[in-house]
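S.K.: With chain V fixed as given, assemble chain D onto it according to the hints.
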Amino acid sequence: MFDLVPDAIELEVLTLARRIAADVIEPRAAELDRRGGFPAQTLLALSRSGLMGVNIPRELGGLAAGAVAYSLAVTALAHACASTTVAMCVNNMVGEVVTMFGTPEQRTEHVPKLCNGEHVVGAFALSEAGAGSDAAGMRTRARRTERGWVIEGSKLWITSGSHAGLFVVWAKTSDEPGTRGISTFLVPGETPGLVRGKPEHKLGLCGSTTCAIEFNACEVGPEALLDEVGRGFRIAMMALDGGRIGIASQAVGIGRAAIEAAAAWAHEKYGASVPQSVAFAIADSGTELDAAMLLTLRAAWLKRGGLPFSHQASMAKLMASERAFAACNRVLAVMGADGQDVERPVERFFRDVRVTMIYEGTSEVQRIVIARDIARRFDDARGEAGR
Amino acid sequence: MTSPADVEALLGAVRPIAAREIAPAAARWDSSGELEPDVASRLAQWGLFGVSVAEQAGGVGAGMLGAAAVVEEIASHSGALAMRLALHEAVAIGFALETSDTAMLGRLIGATAFVGAIGVGRGLQVARSDTRTRVHGDVRMVPGDGALVAFARDATGMVVGMVDGDHIGTRRHRAASGLRALGWSDVTVDATFERAGDDALATRLAARLSVLVAATACGLARAAIGQAAGYALVREQFGQPIAQFQAIQWKLANAATERAAAWHLAIDAASRIDRAATGATQAAARAQLAAVRASVVACSDALQIHGGNGYTREFPVERLLRDARACGAIDRDDDDLRTDVAASIAQRFA
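Chains as they are written, first to last, in this note's numbering: chain V, 335 to 721; chain D, 184 to 533.
Think of the hints as simulated: they come from the structure by calculation, not from any bench. From a predicted model like this one, the values you see are computed outputs, not experimental measurements. Misleading hints may appear alongside valid ones.
[Stated by the list, open to error] Computed beta-carbon distance windows for the label pairs:
| id | chain 1 | residue 1 | chain 2 | residue 2 | range |
| --- | --- | --- | --- | --- | --- |
| 1 | V | Ala-374 | D | Pro-220 | 38 to 44 Å |
| 2 | V | Ala-597 | D | Arg-355 | 26 to 32 Å |
| 3 | D | Thr-440 | V | Ala-470 | 29 to 35 Å |
| 4 | V | Asp-357 | D | Asp-373 | 41 to 47 Å |
| 5 | V | Ala-613 | D | Ala-383 | 42 to 48 Å |
| 6 | D | Ala-526 | V | Glu-677 | 31 to 37 Å |
| 7 | V | Gly-371 | D | Asp-349 | 41 to 47 Å |
| 8 | D | Ala-526 | V | Ile-343 | 55 to 61 Å |
[Unchecked claim] Far from chain V, some chain D residues (derived; all Cβ distances over 12 Å):
| id | residue |
| --- | --- |
| 9 | Ala-208 |
| 10 | Ala-237 |
| 11 | Gly-241 |
| 12 | His-350 |
| 13 | Ala-359 |
| 14 | Ser-360 |
| 15 | Gly-409 |
Glycine included, C-beta positions come from ideal geometry on N, C-alpha and C.
Chain V with its partners taken away, still in its complex shape (with noise of 0.2 Å):
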């Protein structure tokens, strides 16, 4: 069983998320949509309330507030600007990779300038053309040399690429087949070679950056390896795992805002004799969505107290994603041409939401980590049994 109930700190950063969400993000989320770019003045006000190191100790400039403040704030924030919570969400990441595989020059170096808005945000330097469900098919390589490493490869749909102040990068290191032999580097955007991409015109989150980042003969110290060669392949799963809370608490948010918008504007057409078609749309929307929440916050829970949280975390993602797209869709269907509307948040809650799906672990990976989880539990007791 997990504690449903939020303790004091985690009420006091959801209290604050809403606050900021309210009062600075949502006022700007269309224009940001509708103008495109990178959202630098919310996350500035997220960097100043510690937003963006919520999961952060607070020697490191964090709010040391856990994974379920964490997933709280992510969903409010989300309600309001999907676009600067995908930035927010990727920079927590970030954070809570170098925290806890960062030696102390590296925290203290990096974390604190991620969680003030010195390194404006952070990015994670993953995917790549011919490497994206499947990690193991990175091109990207890092050569030892006599004064650190040289990055030499390519990587694609970098959040917060164009702005990013470090990337995580991963690189092969050996030639070692599968996933082995993958490390991981700590590279400051201003490096002499690393050149950022266009930013790609997107469905969705129009309000953030994504872009490819290219890296020419990129040399870095040997401070920048992050952790120990070749285990860059657990700390990618490490961070993935934490960030599909992120991402499901992200598909909450847009999906209960789509549905809230839905009801405001069955209220103002039909008064107080809402249809049956409406009215279920939003009844059977809110309640899946209810129940991706609890997943959610299952997980967080796990994560929070140091528990295996993997499973758990795949779990909440698909759920929460594809409920928070059938939200939108449902919504999109009953409001007819209004939904249509740009003046309207629905389209865009409809656009936003459609990447939870793929990023992060696209749904069917999330169902392949699920099913290997059960079957390897079904293995395990059965094993159990016949001893």
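M.R.: Chain D only, in chain V's frame:
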């Protein structure tokens, strides 16, 4: 009656035109949010206005079956253009046919501008007297750039009529998420219908439109399935093309099955309209309902198969998904359609 061979022959002529003239422009139309002014006259030149009209009346003589096939083919390249054509063919040309206005029919078949349509119950007030029917009011989200066919409702029922451009106030463009080049607008209408149709005519026109909305949705779904299948064959992950994975195969199989079922419902409805058979209205509502739903799922799954690439505008699937969702916002939404289908079921069992 239009035979399958007639439809194939018609498509044989349309496919090269669509591939040559429409496919290269579709992304540009979506990006700019408008069609070039000469697109309507080019469609007329290619003989694509009046497909449902008998040859002796100046049309192609392929009935609604032929019109559905043409619209489906065009939608596989551009949803917005297909929907413009659908509104012109189903509603405007349908109105001229139904009111036996041969002069108007001739003008519409050779038109240089699309005629739009205003959906039922979208804000027009009706004032009826023995001699005239007047409509006035503000209407939101109107596709169309010239004259339009307006539907309105009062306590005594529905009325439908043609409104020429002089009686349409300033067109105020509204940016939309899907079918962006359709020309979603706000307009003020203040007109007297020269020839007003009643409930029955409005219902028949709505059925024609439902068939062509369904055809548009099916065309979008077919394009999405084709894009996804092509991508899955060349995209390799885990050492093999992703088309080898069951999760991908099943998505494609389900999407193709649902799309085929919806297309058959559309063909059935078109055929009933052409034969003036019973149940055409309900068949058309069923077709639109099923096709829009199948199309959204097919386009969403196609985007999923593309992974991160599908989310970018480098690939057409994100446009197909936006367009498919917008098909559900044309004229009658899902709830209106379900109400129609439910009413026919209740009537049958009463």
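S.K.: Are the hints correct? Go through all of them and say.
M.R.: How the hints compare with the structure:
no. : hint                               : in the structure
1   : V:Ala-374 to D:Pro-220: 38 to 44 Å : holds (40 Å)
2   : V:Ala-597 to D:Arg-355: 26 to 32 Å : holds (27 Å)
3   : D:Thr-440 to V:Ala-470: 29 to 35 Å : holds (33 Å)
4   : V:Asp-357 to D:Asp-373: 41 to 47 Å : holds (44 Å)
5   : V:Ala-613 to D:Ala-383: 42 to 48 Å : violated (32 Å)
6   : D:Ala-526 to V:Glu-677: 31 to 37 Å : holds (33 Å)
7   : V:Gly-371 to D:Asp-349: 41 to 47 Å : holds (43 Å)
8   : D:Ala-526 to V:Ile-343: 55 to 61 Å : holds (56 Å)
9   : Ala-208                            : holds (18 Å)
10  : Ala-237                            : holds (33 Å)
11  : Gly-241                            : holds (33 Å)
12  : His-350                            : holds (22 Å)
13  : Ala-359                            : violated (4 Å)
14  : Ser-360                            : violated (4 Å)
15  : Gly-409                            : holds (19 Å)
Checked against the numbered hints given earlier, the structure breaks hints 5, 13 and 14 and satisfies all the rest.
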